[in-house]
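Novice: Taking the hints into account, I'd like the entire structure generated from these sequences.
Protein chains: 2
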Amino acid sequence: MQLSTQPYKGTQDYYPEDQRVQNYIFSKWHAVSRRFGYEEYGAPLLEPLEVYAAKSGQEIVNEQTYQFADRGGRQVAIRPEMTPTVSRMVAGRRQELAYPVRWYSIANFIRYERPQRGREREFWQLNADIFGVPTIDAEVEIICMADALMRSFGATEKMYVIKINSRKLVNYMMAEYLGLDLIQSQLMIKLFDRKDKIAPAEFRDQAAAIFDADEASAGLKKIGVIVGAKSMGDLPPEILESSAIKEIQVLFTLLREHGVKSATFDISLMRGFDYYTDIVFEVFDTSPENPRALFGGGRYDGLVSLFGVEPIQAVGFAPGGTTTKDFLVTHGLLPNLNPSTEVYIVVLGDVLKGAQKLASNLRDEGVNTELDITGRKPDRQIKTAIKKGVPYMLFVGQKEIDEEVFTLKEVATSQEQHLPFSRLVSAIKDYRHKTKEVFD
Amino acid sequence: MQLSTQPYKGTQDYYPEDQRVQNYIFSKWHAVSRRFGYEEYGAPLLEPLEVYAAKSGQEIVNEQTYQFADRGGRQVAIRPEMTPTVSRMVAGRRQELAYPVRWYSIANFIRYERPQRGREREFWQLNADIFGVPTIDAEVEIICMADALMRSFGATEKMYVIKINSRKLVNYMMAEYLGLDLIQSQLMIKLFDRKDKIAPAEFRDQAAAIFDADEASAGLKKIGVIVGAKSMGDLPPEILESSAIKEIQVLFTLLREHGVKSATFDISLMRGFDYYTDIVFEVFDTSPENPRALFGGGRYDGLVSLFGVEPIQAVGFAPGGTTTKDFLVTHGLLPNLNPSTEVYIVVLGDVLKGAQKLASNLRDEGVNTELDITGRKPDRQIKTAIKKGVPYMLFVGQKEIDEEVFTLKEVATSQEQHLPFSRLVSAIKDYRHKTKEVFD
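Protein chains in written order, with numbering that gives the first Met the number 0: chain A, 0 to 439; chain B, 0 to 439.
Just so you know, these hints were derived from the structure itself, not from any lab.
Worth double-checking, as some hints may not be accurate.
[Said to hold, decoys possible] Derived pair list, reagent style EDC-like, types lysine to aspartate or glutamate, alpha-carbon separation capped at 16 angstroms: (1) A/K382 x B/D69; (2) B/K356 x A/E49; (3) B/K382 x A/E95; (4) B/K260 x B/E156; (5) A/K8 x B/E49; (6) B/K386 x B/E16; (7) A/K352 x B/E256; (8) A/K356 x B/E256; (9) B/K352 x A/D136; (10) A/K8 x A/E112; (11) B/K8 x A/E49; (12) B/K352 x A/E256; (13) A/K8 x B/D69; (14) B/K386 x A/E95; (15) A/K408 x A/D378; (16) A/K356 x B/D136; (17) B/K8 x A/D69; (18) B/K356 x A/D136; (19) A/K386 x B/E156.
[To be verified] According to the in silico footprint, chain A covers these stretches of chain B (three or more CB under 8 angstroms from chain A): (20) 41–52; (21) 335–341.
[Stated by the list, open to error] Reference listing, derived: stretches of chain B covered by chain A, where coverage requires no fewer than 3 residues with Cβ under 8 angstroms from a Cβ of chain A: (22) 91–102; (23) 352–363.
Don't be surprised by glycine CBs; every beta carbon is placed ideally from N, CA and C.
Specialist: Below, the structure is given as structure tokens:
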């Protein structure tokens with residue numbers, strides 16, 4: 000039987016050049032999370048299915064989760080998102096933790112999606128969450144982090160917009176302005192969430208069908224007012240009366256004070272998950288080539304208490320690797336990324352033992368060193384080094400070993416230096432210092 | 000409904016203090032792999048089931064793999080190991096790659112195991128593999144890496160032993176010395192693999208049952224000779240005639256030349272996977288408290304060609320996170336690991352805005368800064384900082400903001416310094432420089 004070399008549908012092989020892009024994105028995720036005082040945690044890939052059944056939303060659980068019975072008959076799911084898991088972890092140690100808890104993770108997730116641009120069945124996400132802060136300062140911090148993350152990739156304020164809304168305001172609008180009951184509200188929220196993905200006529204028809212028959216015409220007019228509102232001031236007074244509006248106004252004032260320039264109010268923003276309770280936000284790419292939501296977050300104060308304990312307030316956000324990469328490519332923000340290998344030793348003649356000793360010494364000094372152990376002719380070794388993109392070649396024959404002076408060639412410039420061991424190390428370290436992505 | 004806070008059976012929540020241990024182990028895995036010129040890749044969590052069916056071994060596939068039909072009816076497995084996947088990836092780009100290919104990955108895996116010490120259903124592994132080298136130099140490099148990895152954790156030669164054997168030698172022994180046919184050989188190899196886990200009498204009985212009835216008595220005697228051999232010289236001449244013996248002797252000579260002191264020959268070492276074709280090795284903890292195999296590896300020249308292409312030689316190894324951690328704990332090699340957060344800002348009075356500005360400036364300078372945004376009394380903020388283990392506290396009130404001089408307190412020593420912003424940054428960076436795990 001011949002096996003296919005293709006990866007499983009909707010998943011991706013990350014060859015070294017792809018993994019370098021991942022590592023670049025992850026390094027920014029680590030750095031910005033740590034800058035804000037968030038500590039990394041890790042979590043299981045598998046969870047009991049009921050962890051998601053309560054609050055993730057029916058689409059996620061019924062249509063997108065890989066679920067199965069294990070060999071002991073337990074219903075298990077491969078995690079489709081992190082929020083229920085991290086809520087479970089906080090609940091499990093709620094009495095020992097120091098609040099506010101600030102945690103982040105970088106992890107892989109699986110959803111059963113129809114593969115398309117920016118949507119894969121396996122994807123990587125940063126999750127950053129703060130627990131135990133009831134005030135709007137938590138939202139301020141999380142949105143500042145999202146903004147700092149975009150800036151850390153070199154994005155300028157024109158390249159993205161942070162749309163902000165409030166579930167409380169949405170609920171108020173659904174009940175008080177549109178006159179919908181709870182079930183109708185749920186349907187309308189899901190419909191708004193799909194608004195940009197369906198035709199305007201389809202949105203109208205489906206919206207009309209949600210209203211009671213005699214209210215549909217008036218209801219559609221009201222929806223027209225909402226959808227047409229360009230700013231908060233355009234909203235009808237019945238909505239502006241909501242206390243949620245004041246909270247949003249405070250949030251925008253604070254974000255301005257913190258130098259967040261890309262934030263904007265958008266009453267049609269919903270977010271798919273059922274667990275959000277208050278402020279929600281999404282970061283959108285403004286490029287016409289990639290006009291999509293990059294990631295989002297919000298407040299989900301009720302989720303921790305599903306695990307049988309008192310409520311613990313929570314605000315978080317979760318950018319994805321693929322959407323981030325698409326954003327960086329669209330805006331030309333992805334830098335050239337070098338292999339981690341710094342020097343390739345080309346072995347001239349029958350001196351593998353001496354070359355191995357040199358490789359070992361370089362490694363002891365912290366130089367990432369690849370040694371050609373094939374015994375091939377030098378020109379084939381050189382071809383391999385160039386194909387791999389290693390920045391330096393080091394030529395080692397009997398003469399070099401005897402004289403302890405080695406020829407170091409920088410591939411990009413073809414410049415050659417003849418150096419003793421000590422200067423070899425510093426020459427390569429200088430290069431690393433110039434080109435290395437900072438990771439701390 | 001009240002949900003449990005327990006993770007799924009056999010999986011682990013990595014709270015920040017656990018994740019720091021993971022990160023410490025991963026940082027060594029990254030560093031040593033890169034030192035040897037290996038480039039990181041990433042791979043899908045899910046694979047078509049048939050990828051494992053061919054060569055991973057029946058126990059893995061039938062008893063230990065989480066497998067299911069996806070919503071499109073495809074038979075899928077959560078990866079229980081990386082070797083088949085990386086072989087698939089090499090096969091998929093076999094014509095474009097520069098050989099020898101040197102790759103590594105750090106990834107999570109799932110096996111259906113009965114949870115016990117060092118064995119979890121979800122576990123993390125480094126996989127490092129070299130492709131395209133037919134000579135013993137590939138084994139030398141991989142075993143040197145395994146040894147360098149142990150040394151990078153501070154292990155000394157007495158703490159571990161690298162047991163080395165050859166599948167070719169085993170096959171020769173089974174056929175030529177014990178007179179077994181292919182099926183009997185397979186059974187005997189599996190039995191040897193379990194030898195240390197079962198009682199001697201049980202091993203004897205099961206071994207006897209594998210032989211043809213009239214050969215059992217003579218066969219058991221021969222097995223006694225093999226098992227009793229303390230070194231290669233104790234083996235019977237019929238086995239020493241095998242060409243595989245010469246290869247092993249060359250390997251040991253080269254390993255000695257490379258300074259590997261912990262290597263030893265062990266003819267009873269088998270390794271569980273069916274895909275190994277030649278040299279195999281396992282690293283064992285020598286401590287009586289943790290007398291287990293830590294990890295292993297070997298040559299698997301036939302696996303890439305299952306994906307419909309010419310054979311590409313391969314040698315690799317795969318240490319696990321949990322066994323590594325157990326080893327480090329057993330030998331007292333795990334260092335104190337600090338949180339990534341470096342400074343906790345305690346806000347004195349109604350100056351959150353000014354404190355936020357300071358936090359933002361510190362972050363811009365690369366300092367990992369947690370800001371207390373709760374408005375609590377200072378003593379409660381201080382308690383939180385101490386509980387989190389953050390090494391520095393920074394006290395910020397109106398006076399500090401006005402005078403631009405801040406009080407920095409090192410928690411461990413209770414030492415206080417009054418510093419302007421610029422010296423604040425350098426004081427904290429000095430600390431980081433002293434304590435940080437090097438990751439490059």
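Novice: Compare the distance between the alpha carbons of A/K8 and B/E49 with 16 angstroms, and conclude whether the hinted pair is satisfied.
Specialist: holds (14 angstroms)
Novice: So if I understand the rule, the pair passes when the alpha-carbon distance is 16 angstroms or less; does B/K352 with A/E256 pass?
Specialist: Holds. B/K352 to A/E256 sits at ~8 angstroms (cutoff 16 angstroms).
Novice: For B/K356 and A/E49, compute the direct alpha-carbon distance and say whether it is at most 16 angstroms.
Specialist: It is violated: about 43 angstroms lies between the C-alpha atoms, which goes past 16 angstroms.
Novice: Would the pair B/K8 and A/E49 pass a check requiring their Cα atoms to be no farther apart than 16 angstroms?
Specialist: holds (14 angstroms)
Novice: With a cut-off of 16 angstroms on the C-alpha distance, tell me whether B/K386 and A/E95 pass.
Specialist: Cα-Cα ~9 angstroms, so holds.
Novice: Holds or violated: A/K386 with B/E156, Cα cutoff 16 angstroms?
Specialist: violated (38 angstroms)
Novice: Decide if the proposed pair is consistent with the structure: A/K356 and B/D136, CA atoms, cutoff 16 angstroms inclusive.
Specialist: holds (14 angstroms)
Novice: How about the region 335–341 of chain B: do at least three of its residues have a C-beta closer than 8 angstroms to a C-beta of chain A?
Specialist: Held - the region 335–341 of chain B has 3 residues with a Cβ nearer than 8 angstroms to chain A, which meets the minimum of three.
Novice: Holds or violated: are the alpha carbons of A/K356 and B/E256 at most 16 angstroms from each other?
Specialist: Satisfied, since the Cα-Cα distance of roughly 9 angstroms is no more than 16 angstroms.
Novice: Just to be careful, I want the Cα atoms of A/K408 and A/D378 compared with a cutoff of 16 angstroms; is the pair within it?
Specialist: holds (14 angstroms)
Novice: Compare the distance between the alpha carbons of B/K8 and A/D69 with 16 angstroms, and conclude whether the hinted pair is satisfied.
Specialist: holds (11 angstroms)
Novice: Would you check the hint for B/K386 and B/E16, treating anything up to 16 angstroms between C-alpha atoms as holding?
Specialist: holds (12 angstroms)
The structure is inconsistent with the numbered hints 1, 2, 19, although it conforms to all the rest.
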